[in-house]
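These are the residues of each chain, in order.
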Amino acid sequence: MSIKDALNNAYTKWMEGSGPYASIVISSRVRLARNLVEFPFPHQASEETGRKVIQLVEGVLSDPQVRKRLGVFDFVTMGELSPLERQVLVEKHLISPQHAQENGYNRGLALRDDEAVSIMVNEEDHLRIQVLFPGLQLEAAWEVASQVDDVLEERLDYAFEEKYGYLTCCPTNVGTGLRASVMMHLPALKMTQQLNQVFTTLSKLGMVVRGLYGEGTEAKGNLFQISNQITLGPSEEEIISNLVAVSRQVIEQEKLARESLRKEALVQIEDRVYRSYGILANAYIISSEEAMDHLSNLRLGIDMGILRGIDNRTLNELLVKIRPAFIQKIAGREMDAFNRDLKRAAIIREVLQNYKVW
Amino acid sequence: MKMVYYCDECKKRPATVHITKIHNNKKTELHLCEECARKHQEIPFSFEPNFSIHKFLSGLLEGTPLEVPTLPSIQCPNCRLTYEQFSQIGRFGCSQCYHTFGERLDPLLRKIQGNSRHTGKVPRRAGGNMWIKREVERLRAELQAAVREEAYEKAAEIRDRIRELEQRLK
Ligand SMILES: [Zn+2]
Ligand SMILES: [Zn+2]
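Chains as they are written, first to last, in our numbering: chain U, 1 to 358; chain L, 1 to 170.
In short, the hints are calculated from the structure, not lab data. By construction, the Cβ of each residue, glycine as well, lies at the ideal position given by its N, Cα and C atoms. Honestly, I wouldn't trust all of these hints.
What the hints assert, rightly or not - Sample of chain U residues at the chain L side, in silico, Cβ under 7 Å:
(1) Gln-44
(2) Thr-176
(3) Ile-230
Between the sequences and the hints, there should be enough to build the whole structure, so can you do that?
Now the structure itself:
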């Protein structure tokens with residue numbers, strides 16, 4: 001898929017709704033920060049230098065030999081995209097919000113046609129290689145990222161040093177340059193008021209937890225992201241296997257909490273799930289916050305076998321379809337908050353109409 | 001006379017929503033119109049932390065005992081960033097800065113990373129000999145495993161490969 005296509009479709013690889021633990025883990029992501037030794041870091045580089053870096057990266061990825069090994073990439077610079085289009089890429093998790101704030105021809109994106117691999121050029125570092133997979137698949141994501149990294153390094157001169165490893169613009173990324181993250185849906189831990197406890201434990205283990213939308217335990221839609229904090233010292237394999245082990249623990253805790261809800265509060269959960277379904281299927285005005293919360297209940301209902309007929313892929317896709325930029329992109333015009341709320345409700349009703357829920 | 005506050009964001013409509021945030025004992029007030037307040041609620045998705053990591057870092061650097069004035073000021077010859085500038089913005093200017101600031105960085109890295117030495121992946125080209133050394137280590141472990149499994153043919157192959165790499169180190 002080209003980047004133009006990617007802008008018009010909510011669906012992207014991580015939404016597959018498949019992969020290990022797909023009922024709790026929505027996606028796994030691995031990001032590698034890399035820099036080229038001969039150029040200053042992007043914030044210190046001239047526009048011309050920035051463009052040169054983009055050219056070098058495009059040159060490598062367009063090579064037929066490289067295509068055979070890594071797949072087909074499409075390229076765009078932030079300067080060629082409207083602010084709304086850049087925001088859509090953020091909502092699909094393909095670029096960072098910081099990158100979307102740039103509008104220069106010296107800020108680039110290379111996107112593989114399956115949208116599983118994206119490379120931001122001249123974000124904070126010259127290269128940010130990102131691999132996003134559905135479910136808990138950190139090892140697989142790391143393998144792909146590392147392979148892309150190897151191929152790029154064959155032709156690009158990386159900034160690397162024996163002591164500090166891969167040299168990055170910010171000292172929080174130096175060493176491996178690796179940030180691994182897992183996006184999880186944790187409604188039962190939230191309802192049983194165990195989130196704070198789980199999060200405290202995780203931070204003691206060197207993990208960072210954040211709400212994906214909103215902050216801390218007040219996150220909207222009960223979606224959380226767990227990432228490694230430290231990038232220097234442990235090896236990539238250690239970082240990944242630690243995060244996998246920690247994620248498995250959180251998954252177990254969430255499963256236990258769901259079971260205890262089933263035993264002790266099934267009627268209340270059923271009530272919640274069906275109320276949320278009722279609102280989503282019938283509302284005419286809905287904010288993204290409200291929609292996120294009801295979608296979370298719907299997801300829980302599906303995972304607990306309370307509600308049948310909708311799949312996780314559809315719900316994952318809705319996460320992007322209801323975001324402000326995507327709504328406006330599809331509508332083809334800018335909209336104020338009220339009109340977005342109208343359109344959002346219409347989108348959700350339309351999607352849910354296609355499913356017979358029982 | 002009644003004061004009319006205008007929205008801090010659009011500066012057009014009157015502010016009707018007043019948000020007070022207390023962060024690190026500092027109070028900030030935000031006056032918004034209803035329209036802009038709604039936008040504020042729609043927190044964009046982001047994989048990166050919302051707070052400014054660089055400000056946070058420069059906060060850490062300020063408290064670093066290394067910032068004593070007796071240390072001579074250092075400037076990176078490549079990108080011209082000074083250590084003072086680095087400690088303000090929390091970012092390096094180029095990869096040579098690491099070299100330039102040298103040992104001043106160790107306490108900072110231990111503070112934010114808990115470590116100051118990389119043990120992970122080594123790039124094939126930029127890693128130079130280091131890549132070969134690591135590869136030899138890895139092959140030695142493989143060799144031992146092969147011997148343990150009595151896979152002697154495989155062990156011989158690995159041994160040849162180790163010899164070949166060791167030749168290159170000389
Ligand atoms: Zn306003
Ligand atoms: Zn420098």
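Checked hints:
The criterion of a C-beta within 7 Å of any C-beta in chain L is met by U:Gln-44, whose closest approach is roughly 4 Å, and the hint holds. Hint status for U:Thr-176 relative to chain L: holds, with the closest Cβ pair at about 4 Å, below 7 Å. With a cut of 7 Å, the hint placing U:Ile-230 at the interface with chain L holds, because the nearest CB-to-CB distance is about 5 Å.
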